[in-house]
Structure formats: C-alpha cells, structure tokens
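S.K.: Build the full structure now, drawing on both the sequences and the hints.
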Amino acid sequence: MGHQDKPWIDIISKVSGLVFSGDGERVYCPRHGWVTYIVASDGRILCGEGHETLWDPNKPKTYPIKELKKISRKLRNKA
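Here the numbering used here is used: the first residue of the sequence shown is 1151, the next is one more, and so on.
These are computed hints drawn from the structure, not numbers from a lab.
Watch out, some of these pointers could steer you wrong.
With a cut-off of at most 20 Å between alpha-carbon atoms, the simulated EDC-like pairs for lysine to aspartate or glutamate come out as follows [to be verified]:
no.: 1; residue 1: K1164; residue 2: E1199
no.: 2; residue 1: K1228; residue 2: E1217
no.: 3; residue 1: K1211; residue 2: D1192
no.: 4; residue 1: K1156; residue 2: D1173
no.: 5; residue 1: K1164; residue 2: D1206
no.: 6; residue 1: K1164; residue 2: E1175
no.: 7; residue 1: K1156; residue 2: E1175
no.: 8; residue 1: K1228; residue 2: D1206
Here are the simulated distance ranges between beta carbons [said to hold, decoys possible]:
no.: 9; residue 1: K1219; residue 2: A1190; range: 31 to 41 Å
no.: 10; residue 1: I1221; residue 2: D1173; range: 30 to 40 Å
no.: 11; residue 1: S1191; residue 2: L1168; range: 13 to 23 Å
no.: 12; residue 1: D1192; residue 2: R1226; range: 33 to 43 Å
For glycine and all other residues, C-beta sits at the position ideal for the given N, C-alpha and C.
M.R.: Rendered as structure tokens:
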C-alpha cells in the first residue's frame, strides 16, 4: 500500500515499524488507537493525543540478546 502523496510515509513506516492509515493522515498509537501525528523538528514522530514519542530516529537501536547472538553467528559463519 503506497502513499503516492506522501512517499516519505512508506520509508518511515519501513524504518520505524509504525503503521499509518491508508490516507497517511493517522498513525496507530498503542495507547490511543488511530491518532493524528506530529513530526517534531528533530525528526521524532509524536502521538497527537498524549504527545508520547512513537518513533525517535536519534535514539540508538537496541537489539535483544537472542537477536545479537543470531547476528553474531551469521557473521562468524560468513568469515
């Protein structure tokens, strides 16, 4: 489902894991359901209801230990 008017939504959706409505006007917030969103000047996407940060591109990505072990095994097998 592409957003022809707002192609950046497709990119952010893939990178962040956020779910946007078909028209791109709303985002799914786990706490408030479908809400309008705010794009902050630093790139964060905020919930329009409670103003919680739904996605922060500046925050380093953390991986669960199991996932890190899987990645480590794959890298060792390639070497």
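S.K.: Going through the numbered hints above, which ones does this structure break? Give me the numbers in ascending order.
M.R.: The structure breaks hints 1 and 8; every other hint is satisfied.
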